[in-house]
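Asks: The whole structure should be built from the sequences, with the hints applied where relevant.
First to last, the protein sequences are chains B and F.
For the first sequence, the UniProt record's numbering gives the first residue as 1, with consecutive numbering after it.
For the second sequence, the UniProt record's numbering gives the first residue as 1, with consecutive numbering after it.
Hints are computed from structural coordinates only; laboratory data are not their basis.
Take the hints with a grain of salt, since some may be wrong.
To be verified - Listing some non-contacts, in silico: residues in chain B with all C-beta distances to chain F over 12 Å:
{"#": "1", "residue": "12"}
{"#": "2", "residue": "23"}
{"#": "3", "residue": "50"}
{"#": "4", "residue": "57"}
{"#": "5", "residue": "85"}
{"#": "6", "residue": "87"}
{"#": "7", "residue": "100"}
{"#": "8", "residue": "102"}
{"#": "9", "residue": "118"}
{"#": "10", "residue": "148"}
{"#": "11", "residue": "167"}
{"#": "12", "residue": "168"}
{"#": "13", "residue": "179"}
{"#": "14", "residue": "199"}
{"#": "15", "residue": "213"}
{"#": "16", "residue": "230"}
Stated by the list, open to error - If you want a taste of the chain B side facing chain F, the calculated C-beta under 10 Å gives, among others:
{"#": "17", "residue": "79"}
{"#": "18", "residue": "94"}
{"#": "19", "residue": "101"}
{"#": "20", "residue": "109"}
{"#": "21", "residue": "150"}
Remember, predicted model here, so these are calculated numbers, not experimental data.
For every residue, glycine included, the Cβ atom is placed at its ideal position computed from N, Cα and C.
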Amino acid sequence: MLEVTDLRITYGKHVALDGASISVGAGEMVAILGANGAGKSSLLGAVGGRVRPASGQVTYKGRDLLRLPQHALVEEGIALVPEGRGIFPGLSVAENLDLGARPRRAKARAGAIREQVFTLFPKLAERRAQIAGTMSGGEQQMVAIGRALMSAPDLLLLDEPSLGLAPIVVQEVFAALARIRASGLTIMIVEQNARATLALADRAYLIEAGRITGSGPADTLRTDPAVVRAFLGGAAVAES
Amino acid sequence: MKIALSLAALVALALAPFGVSDYGLGLLIGAVTYVTLASGWAVFSGHTRYVSLATVAFYGTGAYTVAVLNEAMPYWLVLIVAGLIGAAIALVVGLSTLRLAGVYFVIFTFGLSELVRQLITWYEVNVTGTLGRYIFLDVSAREIYWQMLALGAATIALTAWIQRHRLGLALRVIGDDEVVAAHSGIPLARTKLTAFVLSATILTLAGAIASPRWVYVEPSIVFNPTVSFLTVIMALLGGANRLWGPVLGAVPLFLAFEWLSARFPDTYPIFLGLLFILVVFALPDGILAGLERLKTRKTEDRA
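Replies: Written out as structure tokens, the structure reads:
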């Protein structure tokens with residue numbers, strides 16, 4: 001469904017991504033794992049239209065994404081939850097969700113999708129009138145994911161959804177992601193929390209210093225000694 | 001009810017020139033001019049939080065348009081041309097710069113005012129061989145006041161309409177988070193450009209309407225950067241994202257500076273600076289938001 005070919009991204013002289021190729025099939029959940037500054041977010045940024053690559057291709061359902069302006073992606077069925085809280089802090093929860101439902105295909109079904117989002121995050125239903133900026137970090141992340149789901153996407157892009165959240169809240173967010181994944185939505189996720197992500201994803205790419213250094217099914221990667229050493233905190237995890 | 005009250009206030013203000021001295025009328029014109037500038041500035045900057053220091057670039061352009069064209073065509077046509085020139089400049093400038101964010105945009109807009117001033121100075125010195133023009137127009141102070149009052153009222157009405165319209169929601173959302181706004185399907189460039197052009201047209205018209213008061217204009221007078229700074233402080237003091245915020249900031253500050261500049265002509269920019277710092281630190285969202293906070297705190301205390 002999504003094909004990224006030989007993508008190269010530079011910021012001035014700094015090369016953030018040096019010829020990365022990945023593919024995401026329909027219904028798959030694919031994780032991009034790597035350390036800070038490895039180029040994960042640049043890769044996701046290029047797919048989401050935030051970053052213009054120096055060269056390479058991004059095609060989605062056969063269409064060239066790089067030719068589309070950023071605001072047109074949501075009409076194509078792509079929803080991004082950016083790093084940090086991707087919400088409108090000055091608006092209420094309900095307004096945030098309504099703004100997510102701008103694309104034509106989503107507007108007609110907005111009521112039904114909102115119910116799904118509320119089932120997924122019951123807290124949002126209770127707090128629909130609250131100004132989103134006054135909520136806790138985890139609740140704001142739920143609003144952000146809810147807003148993205150409101151556009152009835154085919155592909156959900158998640159940029160570090162657990163960043164800066166308390167461990168117990170991270171669990172809550174991943175539990176929600178598991179349910180979203182079970183609904184059959186295609187997901188591309190960039191995360192530092194490799195353990196939780198590998199438990200959920202179908203496949204993963206490992207990215208180091210701007211290059212893809214490994215890939216494979218999540219189950220295999222979870223027990224791969226090199227991956228365990230680099231991403232899962234060494235022996236302590238291998239035992240468990 | 002609110003509309004009726006606003007209209008009654010407008011009528012009272014329109015009748016005000018009959019009851020005041022020439023000096024009083026001068027104050028009225030000044031206050032209404034700054035209300036218009038601050039409200040016009042807020043049309044773009046209020047919700048998007050893009051702080052523009054280009055106010056005087058447009059204000060001065062309006063005044064200069066009148067100075068150049070006032071003998072060539074009737075006054076009402078000059079005003080229309082001035083508005084169109086302001087819109088055209090905003091369109092060109094906006095297309096090339098609205099990608100800038102944060103402090104880069106602020107610096108750019110400040111530079112723009114200087115650029116326009118230097119360009120006109122260069123042109124006048126090298127091409128026309130003069131540096132200064134006279135505006136001999138048969139427009140009375142009262143007529144200027146009424147025109148400015150009408151522009152100010154129209155600006156506030158426009159702001160009220162925008163806030164209810166989807167454009168207002170789009171601007172608010174862009175001010176909150178541009179990336180999320182774009183990914184909700186809001187065309188950033190088009191939305192920002194629309195508001196920027198509307199705002200610039202108002203600012204240019206304000207300069208054109210105010211210009212006959214000067215009689216003599218030259219670039220250093222009409223492109224005085226203090227106008228840009230005052231406009232920003234006024235809008236922020238009242239609350240730039242509120243309908244009546246700029247009005248609430250502009251009137252007291254204009255009167256305060258009128259008094260200060262008469263009493264301390266050399267040192268009053270110091271007060272301007274101090275006030276700027278005070279507003280940013282003590283009332284970052286403006287008086288109106290501050291009052292609301294106070295009110296909610298009181299009700300919470302009681303509960």
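Asks: Hints first: check each against the structure and report whether it holds.
Replies: So, going through the hints one by one against the coordinates:
1. 12: holds (16 Å)
2. 23: holds (22 Å)
3. 50: violated (6 Å)
4. 57: Answer for residue 57/B: holds, closest chain F Cβ roughly 21 Å.
5. 85: Per Cβ check, residue 85/B is inside 12 Å of chain F; nearest 8 Å; violated.
6. 87: violated (7 Å)
7. 100: violated (6 Å)
8. 102: violated (4 Å)
9. 118: Its Cβ never comes within 12 Å of chain F, the nearest being 19 Å, so this holds.
10. 148: violated (8 Å)
11. 167: Consistent with the label, residue 167/B stays out of reach of chain F, its closest Cβ about 26 Å off (over 12 Å).
12. 168: Residue 168/B clear of chain F: closest Cβ-Cβ about 26 Å, beyond 12 Å.
13. 179: holds (22 Å)
14. 199: Per Cβ check, residue 199/B is outside 12 Å of chain F; nearest 27 Å; holds.
15. 213: holds (28 Å)
16. 230: holds (30 Å)
17. 79: holds (7 Å)
18. 94: With Cβ-Cβ at 13 Å, over 10 Å, it is violated.
19. 101: Because about 9 Å separates residue 101/B from the closest Cβ in chain F, which is inside the 10 Å limit, the hint holds.
20. 109: violated (16 Å)
21. 150: holds (9 Å)
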